[in-house]
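Let the sequences and hints guide you as you build the complete structure.
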Amino acid sequence: MAIVEPVPLDDDVEVEAVAPAEAVDSHLAARLVAGDRDALAEMYRRWSSLVHTIALRSLANTADAEDVTQQVFVAAWSGRHTLRPDRGSPAAWLVGITKHRIADLHAQRARRARDLHAVATAAVVAPAVTVEDWADRLLLVHELERMGDPRAAILRLAFLEDQTHEQIADRLAMPLGTVKSHVRRGLLELRNRLKEVERVPSD
Amino acid sequence: MSHPTDEALADLVIGEPDPTVSEHVSSCPQCAATVAELRRARQLLRAVSQDPVATGGWATPGPSVWAAIEDGIDAAPATDSPELEAQVERGPDVEQGAGPAAGATTSADTPARTRARLRWTPAWAAGLAAASLLVGLGLGHQIWDGGTPAPSPTAVAPAPTVATASLDTLDTKQQDGRAVVVRTQQGLDLEVAPSSKLDPGNGYLEVWLINTDLKRMVSVGVLRPGESGRFTMSQRLMDQGYTIVDISVQQYNGSPLHSGHSLLRGQLTT
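Protein chains in written order, with the numbering used here: chain G, 14 to 216; chain E, 982 to 1251.
For the record, the hints were derived by calculation from the structure and aren't laboratory data.
Mixed in with the good hints there might be a few duds.
What the hints assert, rightly or not - Derived Cβ-Cβ restraints for the label pairs, each shown as a range:
| # | chain 1 | residue 1 | chain 2 | residue 2 | range |
| --- | --- | --- | --- | --- | --- |
| 1 | E | 986 | G | 175 | 24 to 30 Å |
| 2 | G | 124 | E | 1149 | 28 to 34 Å |
| 3 | E | 1003 | G | 208 | 20 to 26 Å |
| 4 | E | 1178 | G | 159 | 51 to 57 Å |
| 5 | G | 94 | E | 1003 | 39 to 45 Å |
Stated by the list, open to error - Which stretches of chain G does chain E cover? Using the computed rule of at least three CB atoms under 8 Å from a CB of chain E, they are:
| # | region |
| --- | --- |
| 6 | 47-59 |
| 7 | 187-197 |
The C-beta atom is built at its ideal place from N, Cα and C for all residues, glycine as well.
See the structure below:
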């Protein structure tokens, strides 16, 4: 795993500073809402792999996943006025749309199976329980990627590698209180992203 | 007691529990829900280190996807007025102008629209019919009903027509529908639009492409009574002579074969 080199930090590191990435995202969202097509292209560059990977994991079929990816971005354009630049990240919004699209496709597959066989074969193609989890999990991984260090590195060590706060403080040569503060704030941030995904309406 | 801060709740999840906070959470559904959300976020990441994405293994969509998105957007002008967009969508090619992204010609058609069932259904209308949206059964075909709360149709440019067929009743040879093959981003789509509501009795309606040798046939999908359907097909099928569109009544007996009971049939001509 790509953990960055430990970076020694001063004790008074500003843990609560707004990540620049968030400011950039919010600007991008505002441009999209205003009808700037370049903003959509930029969003596609940044988040099409997130959307596509979620679709691919959930549908296990490249063609279907590409269909979903295509639909998500067209829907993002036509529904851009539902994006609230001041309330959450465009990535979470896109993931919300993605989840609904995938659910639609699963429902369609199930119906198709029912119609063709008129028996309980629908269970075979029913959405796997992990569809929800895939979308949310991959979004969180993505969030960690863009979060910036040292917080991202700390969260990776804490959550992905299950290291104790003391171990992390040692490894990154950082005060224990700073590590804890990053973990705490980082977790709240991740949870907020998941809430944002939930807020995206299905229709 | 007032609610603990989010930070205090997070501490419960990251292994820094405060007994007072724990006690509050055990009797406060609201804070318990927050803790559950935090726990889930934590839990979702637990197994990730073994996952390819943890080391940047993201999948990238193919190069054609962005082009398809742009096409989709071009046909859906930047306006929030469904009326205006519906006008635009009903351009000159109205009769067979359903584009690839229309996906769904639905039973939501108003009486005034029934004469041209293959044309665009604005997204808001499709949304109204979403409960019964099982059209476009073709593989990989999606229903583009906007997907967002606002009435903003998504549309793409009218697809070029490749072939058409008049669908006639087998007994009296009355025209009772139409089939159109249109070119899409992915290949060809077959749109089948009966003019009247076909009665499947206790069974269901299935659409077939029968070869001109009248021996071979392929099933292209299921059609809902009273609705139009859109199915994926291919140039290869056309080239091989699968150009007779047939709608049959099938029984729920598990047999994948044509029942022999056809309602409508028509030869596609280019």
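Status of the hints after comparison with the structure:
Here the CB-CB span from residue 986(E) to residue 175(G) is close to 25 Å, well matched to the stated 24 to 30 Å. For the hinted restraint 28 to 34 Å between residue 124(G) and residue 1149(E), the CB-CB distance of approximately 29 Å keeps it satisfied. Look at residue 1003(E) against residue 208(G): about 23 Å separates their beta carbons, and that is inside 20 to 26 Å. Checked against the hint of 51 to 57 Å, the C-beta distance between residue 1178(E) and residue 159(G) comes to roughly 53 Å, which is consistent with it.
For the pair residue 94(G) and residue 1003(E), the supplied restraint of 39 to 45 Å holds, since their beta-carbon distance comes to about 43 Å. Coverage of the region 47-59 of chain G by chain E holds in this model, with 5 residues showing a Cβ closer than 8 Å to a Cβ of that chain against a need of three. For the region 187-197 of chain G, the assignment as covered by chain E holds, since 3 residues bring a beta-carbon within under 8 Å of that chain's beta-carbons and 3 suffice.
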